[in-house]
Amino acid sequence: MNGFTAILRRDLQLAMRQGADSVMVVAFFIVTTTLFPFGVGPEANILARIASGVIWVSALLAAMLSLERVFQTDYEDGTLELLTLSPVSLEIVVLGKVVAHWLTTGLPLIVAAPLMAVMLNMDTDGFVVLMIAMLLGTPALSLIGAIGAALILGARRGGVLVSLLVLPLYIPILIFGAGAVEAALLGMSATAQLQIMGAILLLALAATPFATAHALRQAME
Amino acid sequence: MAVFSGSDLTCLRGERLVFGKLSFAANPGDAIMLRGRNGAGKSSLLRLMAGLLVPRSGQITWNDDPIHSDRIAHHARLQYLGHQDAIKPVLSVRDNLHLWGQLRGVDDIDREIDTALHALDIHHLSRTAGRYLSSGQKRRTALARILIGHADLWLLDEPTVGLDRESSNELAQLIADFRAKGGIVIYSTHIDLAVKEPTLLDLDEFAIPMIEWLKDHDAPADDGIRSDPKRAAQ
Numbered sequence: 001m002n003g004f005t006a007i008l009r010r011d012l013q014l015a016m017r018q019g020a021d022s023v024m025v026v027a028f029f030i031v032t033t034t035l036f037p038f039g040v041g042p043e044a045n046i047l048a049r050i051a052s053g054v055i056w057v058s059a060l061l062a063a064m065l066s067l068e069r070v071f072q073t074d075y076e077d078g079t080l081e082l083l084t085l086s087p088v089s090l091e092i093v094v095l096g097k098v099v100a101h102w103l104t105t106g107l108p109l110i111v112a113a114p115l116m117a118v119m120l121n122m123d124t125d126g127f128v129v130l131m132i133a134m135l136l137g138t139p140a141l142s143l144i145g146a147i148g149a150a151l152i153l154g155a156r157r158g159g160v161l162v163s164l165l166v167l168p169l170y171i172p173i174l175i176f177g178a179g180a181v182e183a184a185l186l187g188m189s190a191t192a193q194l195q196i197m198g199a200i201l202l203l204a205l206a207a208t209p210f211a212t213a214h215a216l217r218q219a220m221e
Numbered sequence: 001m002a003v004f005s006g007s008d009l010t011c012l013r014g015e016r017l018v019f020g021k022l023s024f025a026a027n028p029g030d031a032i033m034l035r036g037r038n039g040a041g042k043s044s045l046l047r048l049m050a051g052l053l054v055p056r057s058g059q060i061t062w063n064d065d066p067i068h069s070d071r072i073a074h075h076a077r078l079q080y081l082g083h084q085d086a087i088k089p090v091l092s093v094r095d096n097l098h099l100w101g102q103l104r105g106v107d108d109i110d111r112e113i114d115t116a117l118h119a120l121d122i123h124h125l126s127r128t129a130g131r132y133l134s135s136g137q138k139r140r141t142a143l144a145r146i147l148i149g150h151a152d153l154w155l156l157d158e159p160t161v162g163l164d165r166e167s168s169n170e171l172a173q174l175i176a177d178f179r180a181k182g183g184i185v186i187y188s189t190h191i192d193l194a195v196k197e198p199t200l201l202d203l204d205e206f207a208i209p210m211i212e213w214l215k216d217h218d219a220p221a222d223d224g225i226r227s228d229p230k231r232a233a234q
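Protein chains in written order, with UniProt numbering: chain A, 1 to 221; chain B, 1 to 234.
Derived by calculation from the structure, the hints in this document are not laboratory data.
Warning: the hint list may mix true and false statements.
Claimed, not checked - Cβ-to-Cβ under 7 Å is the rule here; a few derived chain B residues that face chain A:
1) Gly-29
2) Met-33
3) Ala-86
4) Ile-146
Unchecked claim - Which chain B residues stay away from chain A? Per the calculated CB distances, all over 10 Å, these:
5) Gly-51
6) Ala-180
7) Thr-189
8) Met-210
All C-beta atoms, glycine included, are put in the ideal place defined by N, C-alpha and C.
Excised from the complex, chain A in its bound form (with noise of 0.2 Å):
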C-alpha cells in the first residue's frame, strides 16, 4: 500500500506543476461536443436525442487522448526501469499510476459532463444517471487504457496505435453507458446497464493491472 500512495502521489504532484494534461482533456471534450450541433443541426430534439451517444462518444475519445502519456515519459527518462526494479509488485505501480490517471482526466470529465448534457438539450432526468454511469465507466477507461499505453512503449507515433488497441475495447463502456442514460431518459431503470458497468469495472480492476504490468516488463527488455 506504501508503494500505491507514494506512485500516486508523485503522479499528482507531476501533474500539479505541469498541469495542462488535465484541461487540455477537458477543454478536447467540451470542444468535440460542440462540434456535434453544427454538425446536426441546431434542431433541439435532434440534439437531446443523441446528447448520451455524444457525450459517450467524445468522453472515449477525451480519455484517449492522454493515454499516451501514461508511462511514454517515465519510459523516456529511465524512471520506468527503476520502478519496475524498486521492491514494490509492479501491478501496485501500475494501479498507482492508472488511478492517478483517473483523477487528472475522468474526474474532470465528470464534472464538465452535465454542463455539456444542458448544451445539447438532454432531459434533466438522465443527469443523475449519466453522473453515475461516467462515475462507473472512466475509472474502467483508465485500467483498459493502460494496456495500451504500455504496449505502445518503445513504438512510433505510439498515439495513433493506442488508439486502435484500445478503441474497439472500449465499445462495451460505450453501450452500456449510453443505454443507461438512454434508459433514464425513457422512463426506464437503469439499473441493469448500471450493474453491468460495475461489472466491467470490477472486472478491469481485477485482471488489467497484470495485463500492463506484463506488458511493460515486456517493454524493459
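Could you slot chain B onto chain A? The hints should help.
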C-alpha cells in the same frame, strides 16, 4: 558457494548472440569490473543481474536461490544505476529522491536523503528543480539515490559518465565504504575508477559466434533461428 553468482549465462538480444557461457561469482565485499568493447554486453549483463532481462540459458542465483523465483526480494537487495538518471525536471532534487525512499520502505526518508546529498556534495541543491541541474549534478543525484535505503548489491552501468575527476574519486570512496559494510559492487566503466582490487570480467572473452553456440544447444525444431539456415549462418 558464492553469495551472488551466475553460471553458463547466454544473452540473446534480438537475433544477436551478445555473449555465451559466461559465469561469475561474488561474495560480500567483492567488486567486479566489467570490461569489453562497445556492444560486448556490459549493460546487458548488468540488466540480467538486475532481473530486467532473462538469460537465454543459465541462471543467476543469490544464496542458491534463482533471482527470478522471488523478484521482490531481489529488487529489495539491489540498487541499479542505468544510463539514464530518471530525474523529473519539475521536481526538486529532494522530491525526486523521496519517491525511491518511499518505495524502498525507508523509515526516516528525510534524514537518509540529507546523508546521501551530503555524501555527494550536492546538499545545497536539494530544493533545486531537476531542469536546472547540470548533467554532472543530475548524475550525482542519481548516485545519491542508490545510497537511500538498505542494499546488498550495487549494479552500476557506467557510473562515471558525466562526473568530473573529483566526483569520480568520491564515487570510488562510496564504493569502498559500501564494500567495507559487506556490499557487492558490479560496475562497468571506460575510465579508471580508483576501486581497490576489483575482479576483472572481460566480456570480449565470452563473445562466441552464433553458429558455434547453436551447435552446442540443440534448439527445438520449431525454433525460428535454427530452422532457418540462412539466418543461422549470419
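For each hint, the structure was consulted:
A least Cβ separation of about 23 Å between Gly-29(B) and chain A goes past the 7 Å threshold, and the interface hint is therefore violated. Annotation: Met-33(B) was flagged as interfacial toward chain A, and the flag is violated, the nearest CB pair being 21 Å apart, outside 7 Å. The interface hint given for Ala-86(B) is met, as the beta carbon of that residue sits about 4 Å from the closest beta carbon of chain A, less than 7 Å. A hinted interface residue such as Ile-146(B) counts as satisfied when its beta carbon comes closer than 7 Å to some beta carbon of chain A; here the least separation is about 10 Å, so the hint is violated.
Residue placement check: Gly-51(B) does not keep its beta carbon more than 10 Å from all beta carbons of chain A (closest about 7 Å). In this structure Ala-180(B) is separated from chain A by more than 10 Å, as the shortest Cβ-Cβ distance comes to about 24 Å. With a minimum CB-CB distance of about 19 Å to chain A, Thr-189(B) clears the 10 Å threshold, and the non-interface call stands. Met-210(B), annotated as away from the interface, keeps every beta carbon of chain A farther than 10 Å; the closest lies near 19 Å.
Consistency note: the structure conflicts with the earlier hints numbered 1, 2, 4 and 5.
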